[in-house]
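Colleague: Sequence:
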Amino acid sequence: EEEENGKYAPCFDDATVFFDKTQTIANRSMCIEGRRYRICSVFPTSTGRTPTDKLLALIDTELEKETHSA
31 EEEENGKYAP CFDDATVFFD KTQTIANRSM CIEGRRYRIC SVFPTSTGRT PTDKLLALID
91 TELEKETHSA
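Read in order, the letters of the sequence shown correspond to residues 31 to 100 in this note's numbering.
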C-alpha cells in the first residue's frame with residue numbers, strides 16, 4: 031500500500047497510475063485462466079471520503095438501527 035494525502039491505496043507492480051487535479055486513473059493488466067483483461071479504474075480526487083469510509087459509515091448506521099430496535 032502507498033499513502034497519498036493521509037489515505038492508503040493498494041499498489042501493484044504491474045499498474046500505472048496517473049494523478050490529475052480532478053481524478054486519479056489506475057491502469058493494469060490481469061491474466062486470468064489464460065485470458066488477458068485490461069482494467070482502468072478512475073477515482074475522483076475531490077471527494078473527502080473514500081469508498082471504504084462510506085461503507086464503514088453505512089455499517090455503523092445499520093448497527094445503530096439494530097441497537098435502537100432491540
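Keep in mind that the hints were calculated from the coordinates and are not lab data. Some hints could be false.
Said to hold, decoys possible - Listed next, the in silico DMTMM-like pairs over lysine to aspartate or glutamate satisfying Cα-Cα at most 25 Å (straight line):
hint, residue 1, residue 2
1, Lys84, Asp50
2, Lys84, Glu94
3, Lys51, Glu63
4, Lys84, Glu96
5, Lys51, Glu96
Colleague: If a hint holds in the structure, say so; if it doesn't, say that too.
Modeller: To see whether the hints hold, each was checked on the structure:
1. Among the hinted pairs, lysine 84 with aspartate 50 is consistent with the structure: their alpha-carbon atoms are about 23 Å apart, no more than 25 Å.
2. Proximity of lysine 84 to glutamate 94 is assessed by CA-CA distance (about 15 Å); at most 25 Å being required, the pair is judged to hold.
3. For the hint pairing lysine 51 with glutamate 63, the CA-to-CA distance comes to about 37 Å; that exceeds 25 Å, so the pair is violated.
4. The suggested pairing of lysine 84 with glutamate 96 holds, with an alpha-carbon distance near 19 Å, which does not exceed 25 Å.
5. Taking the CA atoms of lysine 51 and glutamate 96, the gap is about 41 Å. The hint is violated against a cut of 25 Å.
Comparing the model with each numbered hint stated earlier shows that hints 3, 5 do not hold.
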